[in-house]
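K.L.:
Chain by chain, the residues run as shown.
Protein chains: 4
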Amino acid sequence: MCGITAIYCENEELTPSLLYYSLFSLQHRGQESAGISVFKNGTIKTKKGLGLVSEVIKNSDLKNFESKCGIGHIRYSTSGSSSLENAQPFVVKSKVGTVAVAHNGNLVNHLRLRKALEAEGSIFVADSDSEIIAHIFSKSLSRKDVIGSLEVLTNLLIGSYSLVILVNDTVVAYRDPLGFRPLCLGEIENGYVVASESCAIDALEGKFLCDVKPGEAVVIKNGEMEKFKVAESKEEASCVFEYIYFARPDSIIDGISVYDARKNMGEELARESPVEADVVSAIPDSGVTAAIGFSMASKLPYTECLIKNRYVGRTFIMPKQELREVSVRLKVNPIHKNIEGKRIVLVDDSIVRGTTSKKIVDMIKKAGAKEVHMRIASPPIISPCYFGIDMKSREELIAANHSVSEIAKILGVDSLSYLSLDGLLKALKRCGRNKSYCLGCLTAKYPLSWSEDEK
Amino acid sequence: MCGITAIYCENEELTPSLLYYSLFSLQHRGQESAGISVFKNGTIKTKKGLGLVSEVIKNSDLKNFESKCGIGHIRYSTSGSSSLENAQPFVVKSKVGTVAVAHNGNLVNHLRLRKALEAEGSIFVADSDSEIIAHIFSKSLSRKDVIGSLEVLTNLLIGSYSLVILVNDTVVAYRDPLGFRPLCLGEIENGYVVASESCAIDALEGKFLCDVKPGEAVVIKNGEMEKFKVAESKEEASCVFEYIYFARPDSIIDGISVYDARKNMGEELARESPVEADVVSAIPDSGVTAAIGFSMASKLPYTECLIKNRYVGRTFIMPKQELREVSVRLKVNPIHKNIEGKRIVLVDDSIVRGTTSKKIVDMIKKAGAKEVHMRIASPPIISPCYFGIDMKSREELIAANHSVSEIAKILGVDSLSYLSLDGLLKALKRCGRNKSYCLGCLTAKYPLSWSEDEK
Amino acid sequence: MCGITAIYCENEELTPSLLYYSLFSLQHRGQESAGISVFKNGTIKTKKGLGLVSEVIKNSDLKNFESKCGIGHIRYSTSGSSSLENAQPFVVKSKVGTVAVAHNGNLVNHLRLRKALEAEGSIFVADSDSEIIAHIFSKSLSRKDVIGSLEVLTNLLIGSYSLVILVNDTVVAYRDPLGFRPLCLGEIENGYVVASESCAIDALEGKFLCDVKPGEAVVIKNGEMEKFKVAESKEEASCVFEYIYFARPDSIIDGISVYDARKNMGEELARESPVEADVVSAIPDSGVTAAIGFSMASKLPYTECLIKNRYVGRTFIMPKQELREVSVRLKVNPIHKNIEGKRIVLVDDSIVRGTTSKKIVDMIKKAGAKEVHMRIASPPIISPCYFGIDMKSREELIAANHSVSEIAKILGVDSLSYLSLDGLLKALKRCGRNKSYCLGCLTAKYPLSWSEDEK
Amino acid sequence: MCGITAIYCENEELTPSLLYYSLFSLQHRGQESAGISVFKNGTIKTKKGLGLVSEVIKNSDLKNFESKCGIGHIRYSTSGSSSLENAQPFVVKSKVGTVAVAHNGNLVNHLRLRKALEAEGSIFVADSDSEIIAHIFSKSLSRKDVIGSLEVLTNLLIGSYSLVILVNDTVVAYRDPLGFRPLCLGEIENGYVVASESCAIDALEGKFLCDVKPGEAVVIKNGEMEKFKVAESKEEASCVFEYIYFARPDSIIDGISVYDARKNMGEELARESPVEADVVSAIPDSGVTAAIGFSMASKLPYTECLIKNRYVGRTFIMPKQELREVSVRLKVNPIHKNIEGKRIVLVDDSIVRGTTSKKIVDMIKKAGAKEVHMRIASPPIISPCYFGIDMKSREELIAANHSVSEIAKILGVDSLSYLSLDGLLKALKRCGRNKSYCLGCLTAKYPLSWSEDEK
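Residue numbers (the working numbering), protein chains in the order written: chain A, 0 to 454; chain B, 0 to 454; chain C, 0 to 454; chain D, 0 to 454.
Chain A extracted, bound-state conformation (with noise of 0.2 Å):
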């Protein structure tokens, strides 16, 4: 997953900051690299390298970056190649000028575009999607002018793709026709911002607009914000997991607050899979919304009974072999007087490998639990993601390869339940819009069909 934003300020010394300060509001949508680009004498200058926002970009980069418009991204760390190359955004000089493109989600045939692109004579100097992206953007931009490119864009990428564009001057938003990732403008002194979440404007003092529509671009130049329909878009499909785990609970997406989709599918989910025990509780910080809406609706007290340690972090030391139990006890640690004897309904936002969660009720046992009943606020995930979540594969996936009592067992609990698909989705029927969703990770089902061999 990654982060995008955009920023166009009149006041040109502004837009580094608030660049950063978006970055920043978004920065658990990703952790490995960082990178903003701004247009700035005729040119687009960058700056992009591997970890925190904070420790990419310095106090002294700012008074480099001013300028009215510029555009930045945030990637999330997943397996294996953590590399420089691929940190956003990528940059590419044609004909028609410099193209700055940041981009959120993923494309499924993105082999197949850059052979072709490949075969044409394009020639590329990283890995990514977004390079790919790039290349047929700019070309196109030489024929179209920049609502044709994405039309161009639309009509060869497959996949979800939310992206940030600087044409020279110009800042271009725009979000697939499924709507896959979010993406939202809000209006700030001087200015605009576009961002994957609304926390980012909230984080500037900035006054949410609306969300950018599956299909629709923004485009602002001169200070002169204007929205294009580019693609017809029969349904929506956006990402159910940003709801589920993935947003932050401040953030309103698509006009469903996703602190009310939690609270709701923990409330659904006491309502489901009711159970007699004393008190309710989460782990840590992702089941804490769902635990409070379980609680609210059971009428059971909600308590806290394990403490997160709020320092783990990317620099982190692993543990020896001798010590490597050591490893989740440093993450989270339990509150003995709140478990000893208890009969603790134990709430999390979703299960993937259940690794984790294992050594956790171990753990809850160990301090003394009576019982222990898991509740998880959505279905079981039982297939993986092509859309831009780092899910494993297939293999992976416990809910894939057994059924909610295999797990049960596997993980120690006397009682195991998931919210049921219904749920989830009267879950956020409740909260005020009547949506659709990809649920492929949750069904198997996909809005989208391509080629297998890309899978």
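You may find that some hints are simply not true.
One copy or two, it doesn't matter: identical chains are merged, so the pair holds either way.
[To be verified] Below, computed lysine-lysine pairings styled on BS3-like, alpha-carbon distance capped at 25 Å: (1) Lys444 / Lys434; (2) Lys114 / Lys143; (3) Lys228 / Lys357; (4) Lys44 / Lys357; (5) Lys92 / Lys46; (6) Lys319 / Lys365; (7) Lys319 / Lys62; (8) Lys44 / Lys62; (9) Lys94 / Lys39; (10) Lys57 / Lys428; (11) Lys226 / Lys46; (12) Lys330 / Lys307; (13) Lys434 / Lys336; (14) Lys298 / Lys336; (15) Lys94 / Lys298.
For the record, the hints were derived by calculation from the structure and aren't laboratory data.
Put chains B, C and D on the given structure of chain A with help from the hints.
P.N.:
Just chains B, C and D now, kept in the frame of chain A:
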């Protein structure tokens, strides 16, 4: 404030990792500097530096610090002098060998001690309390044994001091006779751990043995652990602010669960200062546990009104004047749905200067709260701390200069109540142990007297 | 200026060290950036960065760059844009695989080439010559073989270009038809080395095989080395300034020992412009060899009047205004005893702007020299270099704007003579090979013509 | 070995730059660590670190070190313990204020002094000589004045010690009664400079005033400079190896030009051990001046047979076993034309272990020299130095274990001669001053006696 740890482990390979993990679990006690010392090849080897434990100690260091015994320290960022010179452990060499000292606390007579030592010909290289302690202790060792030298320290030092000391290959831990700062002892596989808080013992999957009692020393040598009564302690005066704010909630200090204490404070607060409202919420993270207690006692539902950005850290770029307002918003962001039209009880653990509280109240009001009733789970802070908590001077303490109703007006809340001193003590007593505390910051009465010119 | 190298070595472990050492021995050709590329696991891996070779390539890199074949590059610090973006090797990916290019020289038609390629739809990421070369070469490879593609390059590129190229696992070296920049081939244990200068072959204890001839290519694949005549070269035009100043004295370029050439220049200079004096001395280090030649021919004793500080480097702190005079004095310091009361012949290889020369003459006069007779072992530089030597614009070249007697007055010397063009060519011819040279900077006549607007 | 400097300058802004430049000009005296101390705001501020001056002191430091007075130090990389702990200046605080000490030399009784001080209760933090000096001096200052305290030092210290000391805002310089290590005084605009060598005064465009005499102290306070005779010095014993190898050739030490001395040594050597040959050459850089002297006296022409790579430095990657031979070749490379078929006199200043000499002789032979006649411009080194030169133990000194003819055989030269002791002293005397020297390394007779167990 600071955190300290000592390890004795027969498996030499593990000692550096164990020091690292225990410091890591105490990271909330200080983020300015970190350091470790071990006894190796007849001398004491030290690594210390500015930054988090994970920034100072690297994988490549582990090999160089293999030893049976070591100590570690982390230091709080006090205003001003963030210098390497003050990082600990502090090491001195004398005819008795090498001594390394790590100190949590504050000496009120350090200037006098320093002058007295200088008058006798002592020569220093830094300005820190811990160098003074190292000097006195090391000098004494030439005439007395370890316990005798701890007696010398006790006679000379006025203030708070939990200490871990390496005397060549002997590990020594000592807690001052009033027991201001916490210190506890645990058993690990093939050894022992001493640490500021029990969460460090948990982090090593160790077994909690006991708190080091006020005036008590623990000496570990050649695998043998022994306890000594060094000083008679008429009354205990352990810092109440550790329970209110400073310690990790999953720690148990002197038999009292910090989590329990905070929840009880919230409950007492609900009883003392009830209010008709729709929800109870907290200023994250410090107010959460008390808010849960308040919720339980008041039967008002607990919700989250504010989401905290988990990535706020040291290297953050400070906003320009034009963006100054942005600063608090980057740290916490409101959940509008949980606030709009609601009467909210907003719980925090304490108020020091009040400036951040005011900004947060503004934010919640702007998000549409109908009423904001602030409830503080401790009495007003009216006097500075001289024993280790980095609390501002009297001028900066809002409650030292304003009545509760004035503070309510300044903060812009509909009502404001603090927990009473009685309520605080009742909350602590309900945790199951009757103890006496240092309440200096709440009462301006300190358990020690010292000449005014040192203040 | 730049230095380039290529290694083919059957012992994969040694390749990264061999690249490192050969770049290290070419460090005088550029201190701005360094980089290496090797073919590994089906792709090309690159490390490049700003700084000296020893600052960019670390011990920890060696393991990651084990391979049979690799290329390396070091770049000169030209005024202004010292950016990582321009560091080489430059790597591109296309349907023929991955191509890495390292380039020594300068293209005078790079803007036109770039525009032409952009018009055809090419997309670039940097601003460098070498990206253009990589594009043309890589595109051509989809239709032609390596030699055919080098022919394409030869037809399109106007300027100087010694190249080393990796085409997947094939090592290619090529020298432009005029042979502006040097390039030579050596044999090492289990392989080959190609490098800008023969001193790099010596550094690897290799055996010099031959210079790469103008228009000639060397292709090394699977241990087989083959040479190809790619372009007919009517006349040679190798840069005379390599002999005068740029190359290392221990290198042999196109059969001519650089040391010999310089010594001969000094001898010719002594014959052309004798002077009654006590001693011959040099401005270190550049004038030393010519001064020794002058001494031999004139029978005047050679002495050292100036000592150079060996530690002057890039990170040096620049003097404040008040200490500006200090600057030259930190680099060279006079030996008073060798100067006082003496009539000194002061030899240097060339004069570009004349500012440092003036300061040094002042210093020697102040040290008590009776007379200073400056002798320059090359003709006046009257025109810029367009083929790779970082020589100032015409405005900054002292000899482009002043007669020799004016320059003598400016420098404050008692007499000044330059070597004549005839003398220079005689000195070179005496080295044993009759060759033709690019003498552009000395005659303003260049061996290539190109449209004026590119200058 | 080390280099020291002290600055007093009324223009506070310039002091940090002046310290930097003078250390920079002494860089040849030590590359391991560098450091500066200044008196500022009532205390002494210090920056020190491992590496070259230009790596340790940065532009951003200058502002923080503005002051009227400061001292600086650079340290030689002795085998083994390259640790920050031993970097100087060493600073101590006592009742008399803050004292910073920088020391060039070596104490032979430092272990005894340390034990004696420890027995009296002194406590140390490092292992260095300079901490001992700082302790004794600082302790003494509580009873005596600066000169009295220098007398105390003189009575206690056995060994070599040129010192610069800051006592709060007073600059003190002192040279031991035998004057082992050089120290000189210069005048600069608005102030004074004290430095190990006169080249540092030159670097600041200062005016040389005098050498600090053995047993003499210089005290500078409030702009007033005063000299004191602290110790009666019966005989001088300045280190002859400073003239032979260590000092910069452009320095003048105790009235003797180092350049002159070396040239004279070369001349005496030519007279003592003439040889029929074609050319005289040197092992660069150390042998160059003596070679020029040899050439002048012998009338044999001076040529360069070896070119030195100017970029050899600390961060260099060490060769793998397979490339071990490469190592010397990276440092020096032969000029074949100057060697082939020639009978060469190869001059070096001295031979310590002989290993590098052997490799270079091999290289020259392989390059086709007809004969190699090695001439060493100093007598054989037969005994270690205890007074500051990092010379190997007796076991490693080739001349301590082999006769001259054996050494000739080991090195593989056609003949070998050393300068006689008489020749050495004659060469020095011819420089115009009759002095006595420490000749310990050449005669095994030392100007000081001390108990054998310290050796």
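K.L.:
Please go over all the hints and tell whether each is borne out by the structure.
P.N.:
Checked hints:
Taking the shortest alpha-carbon separations for lysine 444 and lysine 434, only the intra-copy value of 17 Å comes in at or below 25 Å, while the best inter-copy value is 62 Å. In this homomeric assembly, lysine 114 and lysine 143 come within 25 Å of each other (Cα to Cα) both inside a single copy, at 23 Å, and across copies, at 19 Å. Taking the closest pair of Cα atoms, lysine 228 and lysine 357 never come within 25 Å of each other, the shortest separation being 48 Å inside a single copy and 44 Å across copies. Taking identical chains as interchangeable, the C-alpha atoms of lysine 44 and lysine 357 are never at most 25 Å apart, the minima being 47 Å within one chain and 39 Å between chains.
Taking the shortest Cα distances, lysine 92 and lysine 46 sit within 25 Å of each other both inside one copy (16 Å) and across copies (23 Å). Taking the shortest alpha-carbon separations for lysine 319 and lysine 365, only the intra-copy value of 23 Å comes in at or below 25 Å, while the best inter-copy value is 50 Å. In the homo-oligomer, the alpha carbons of lysine 319 and lysine 62 lie at most 25 Å apart only across protomers (12 Å), although the nearest pairing inside one protomer, at 44 Å, exceeds that limit. Taking the shortest alpha-carbon separations for lysine 44 and lysine 62, only the intra-copy value of 12 Å comes in at or below 25 Å, while the best inter-copy value is 31 Å.
Proximity of lysine 94 and lysine 39 under a CA criterion of 25 Å is satisfied intra-copy only: 18 Å inside one chain copy versus 34 Å between copies. In this assembly of identical chains, the alpha carbons of lysine 57 and lysine 428 never lie at most 25 Å apart, being 43 Å within a copy and 49 Å across copies at closest. For the homomeric pair lysine 226 and lysine 46, neither the shortest alpha-carbon distance inside one copy (29 Å) nor that between copies (43 Å) is at most 25 Å. In this assembly of identical chains, lysine 330 and lysine 307 lie within 25 Å of each other by CA distance both inside one copy and across copies; the values are 6 Å within and 18 Å between.
Proximity of lysine 434 to lysine 336 under the C-alpha cut-off of 25 Å is restricted to the inter-copy arrangement: shortest distance 19 Å between copies versus 43 Å within a copy. In this assembly of identical chains, lysine 298 and lysine 336 lie within 25 Å of each other by CA distance both inside one copy and across copies; the values are 21 Å within and 21 Å between. Taking CA atoms no more than 25 Å apart as the test, lysine 94 paired with lysine 298 passes in neither setting, with 65 Å inside one copy and 63 Å between copies.
Figure legend: structure checked against the earlier numbered hints; hints not met, in rising order: 3, 4, 10, 11 and 15.
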